[in-house]
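Undergrad: To convert a position in the sequence shown, counted from 1, into this note's numbering, add 188.
Don't read these hints as lab results, they were simulated from the structure.
Warning: the hint list may mix true and false statements.
Below 20 Å or equal to it, Euclidean Cα-Cα: the simulated DMTMM-like pairs (lysine to aspartate or glutamate) are [to be verified]:
no.: 1; residue 1: 378; residue 2: 292
no.: 2; residue 1: 476; residue 2: 463
no.: 3; residue 1: 316; residue 2: 306
no.: 4; residue 1: 538; residue 2: 350
no.: 5; residue 1: 529; residue 2: 541
no.: 6; residue 1: 386; residue 2: 292
no.: 7; residue 1: 538; residue 2: 306
no.: 8; residue 1: 476; residue 2: 351
no.: 9; residue 1: 484; residue 2: 350
no.: 10; residue 1: 484; residue 2: 292
no.: 11; residue 1: 378; residue 2: 351
no.: 12; residue 1: 484; residue 2: 463
no.: 13; residue 1: 316; residue 2: 440
no.: 14; residue 1: 290; residue 2: 463
no.: 15; residue 1: 590; residue 2: 351
So the derived label-pair ranges between C-beta atoms look like this [unchecked claim]:
no.: 16; residue 1: 485; residue 2: 525; range: 29 to 39 Å
no.: 17; residue 1: 600; residue 2: 444; range: 36 to 46 Å
no.: 18; residue 1: 578; residue 2: 435; range: 20 to 30 Å
Ideal Cβ placement from N, Cα and C applies to all residues, glycine included.
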Amino acid sequence: MTVHVARVLLIESHGPEERGVSVFILSHTLYLFLVADCKVSQFNSVNHPDFQGNSLTMDLLLGCLFIWKLLRTYQEESASPVPFNVHMDMYANESLTMRYTKQEFATMVLGIVVYVADIGADLWVANKYFHEGQYLWCALTLATGLLSSLVVQYFSYTWFKDDGTQKLSWISSVHLLQAGIFTRYWAALKCGYQAAFKTNNSEDGLIDGCTSPIHKSAICAMTDISMLRLFRAFLESTPQLILQIYILMTSDSSTPSQYVTIAMSFCGISCATVDYQIALRKSLPEKKNFPGIFSKLIYLFYKLLTLTSWILCIALVTILSITSLILLVFLWLLSICWVLKQHTTFCTSKGPEIVYRTIVGIILIFTFFNVKGEKTKIPLIVYYTARGFITAIIVYVCMSCKSVFNGKIYLLSVIMVVIITLILGIIFLISYYAYFHPRNFYTQDVVDGPGIYYTQEVIDEPGSERTENCRMRGFLMQ
Numbered sequence: 189m190t191v192h193v194a195r196v197l198l199i200e201s202h203g204p205e206e207r208g209v210s211v212f213i214l215s216h217t218l219y220l221f222l223v224a225d226c227k228v229s230q231f232n233s234v235n236h237p238d239f240q241g242n243s244l245t246m247d248l249l250l251g252c253l254f255i256w257k258l259l260r261t262y263q264e265e266s267a268s269p270v271p272f273n274v275h276m277d278m279y280a281n282e283s284l285t286m287r288y289t290k291q292e293f294a295t296m297v298l299g300i301v302v303y304v305a306d307i308g309a310d311l312w313v314a315n316k317y318f319h320e321g322q323y324l325w326c327a328l329t330l331a332t333g334l335l336s337s338l339v340v341q342y343f344s345y346t347w348f349k350d351d352g353t354q355k356l357s358w359i360s361s362v363h364l365l366q367a368g369i370f371t372r373y374w375a376a377l378k379c380g381y382q383a384a385f386k387t388n389n390s391e392d393g394l395i396d397g398c399t400s401p402i403h404k405s406a407i408c409a410m411t412d413i414s415m416l417r418l419f420r421a422f423l424e425s426t427p428q429l430i431l432q433i434y435i436l437m438t439s440d441s442s443t444p445s446q447y448v449t450i451a452m453s454f455c456g457i458s459c460a461t462v463d464y465q466i467a468l469r470k471s472l473p474e475k476k477n478f479p480g481i482f483s484k485l486i487y488l489f490y491k492l493l494t495l496t497s498w499i500l501c502i503a504l505v506t507i508l509s510i511t512s513l514i515l516l517v518f519l520w521l522l523s524i525c526w527v528l529k530q531h532t533t534f535c536t537s538k539g540p541e542i543v544y545r546t547i548v549g550i551i552l553i554f555t556f557f558n559v560k561g562e563k564t565k566i567p568l569i570v571y572y573t574a575r576g577f578i579t580a581i582i583v584y585v586c587m588s589c590k591s592v593f594n595g596k597i598y599l600l601s602v603i604m605v606v607i608i609t610l611i612l613g614i615i616f617l618i619s620y621y622a623y624f625h626p627r628n629f630y631t632q633d634v635v636d637g638p639g640i641y642y643t644q645e646v647i648d649e650p651g652s653e654r655t656e657n658c659r660m661r662g663f664l665m666q
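Taking the hints into account, I'd like the entire structure generated from these sequences.
TA: See below:
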């Protein structure tokens, strides 16, 4: 009976805490049985001299042995960083999240259209500046576009190479022509179409399941493209946005289209950060997805408002003096030092890792970036405390040097927007992490590193079933 009770308590206990309570209960139960056994033995020895023992003694011995094993299990589980039920939750979460949907396929198609339209808009703006005689602005617009394109093509080709993709010489030629991203889009669409629209079919070799390899490959491809779009947002869209605001503030006249363009650029950059976060969380089973549309909106407003405040501050600094942009260089160097201290190993070789750290340093100028997927409460507090301190200094300097602006802009209005958007952004940040941030199944810090990459073989073998994990494991932007 004791063994049966102990077995039931062991099975029904979830986690080391409940099993500890089970050990406590069973220990005291065995003590009571032991006392009762002594009394029974004394009674039998007096009234029945030929009595040889009773089954209760054997039951107690077996119970003690089982309790000893239970204690060993409890000690080992307490020392383990991940309880058994956490692993089960991770598997259950994977079955819920690792599914590529038709909505995500439609979003991917829309992403291609937006990408092409953005390139066309950049060329149109550069051509407009050129015909107006603004050769410096034209050159800056083209330079930022070319820089972001080179970085995107470089990482795209590097990932194809790391994944062991065939026809690498053809892929390298396409990337040299700055069209490699379209190859990746095409591969992602082919894989995504199979995952989203094809059902269980033995001829296609597909599995109609949440965790089938085709779904994982489609999600990983989507995550790769989201990260490349994130790089492009902060290497091209953000510098061009600062340039547009600078031109608007220093020009004698303005048009409504300029304000609309600036507002759309702010939203585009913010949406790129949210889109990447959603795709990344979907690709990692141990990371919970956003709990509903409201949490996504809170995260979007946090990014949008903090970015708006900071980019307006940078624009004010450039109006004061172009040499004031040395502040950005200083912040970039400081960011790179912090990234180096984290000892990131996101890439498989030294060259791409250096480029990666340089890019992250640029992103950190504008928004917080978690480079290793670790707990970031302290770095996040330090980052936005420093942001608030620097913003206060810039506001004070601008108010002290009103004559520099010469009535070109409504300085007080811009400063009010800077302060209000920063305060609201911090409020949304606190609200998000306090009430809406998904709690991970695996609470231990996840180490950044190459891990096991998935192989995107859609170009050569659309039906190829690879079960490796995404390259983004342990890489989380907060």
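Undergrad: If a hint holds in the structure, say so; if it doesn't, say that too.
TA: Structure-based check of each hint:
1. 378 / 292: Given that 20 Å is the threshold and the Cα spacing comes to 13 Å, the pair holds.
2. 476 / 463: 15 Å, holds
3. 316 / 306: With a Cα-Cα distance of about 15 Å, the restraint between residue 316 and residue 306 holds, given a limit of 20 Å.
4. 538 / 350: 13 Å, holds
5. 529 / 541: 14 Å, holds
6. 386 / 292: 15 Å, holds
7. 538 / 306: 32 Å, violated
8. 476 / 351: 26 Å, violated
9. 484 / 350: Status violated; Cα separation ~32 Å.
10. 484 / 292: Holds. Residue 484 to residue 292 sits at ~16 Å (cutoff 20 Å).
11. 378 / 351: Holds, at roughly 17 Å.
12. 484 / 463: 9 Å, holds
13. 316 / 440: 18 Å, holds
14. 290 / 463: 16 Å, holds
15. 590 / 351: Violated, at roughly 56 Å.
16. 485 / 525: 29 to 39 Å: Holds - the Cβ-Cβ distance for residue 485 and residue 525, about 34 Å, lies within 29 to 39 Å.
17. 600 / 444: 36 to 46 Å: For residue 600 and residue 444 the Cβ distance comes to about 22 Å; the hint is violated.
18. 578 / 435: 20 to 30 Å: 24 Å, holds
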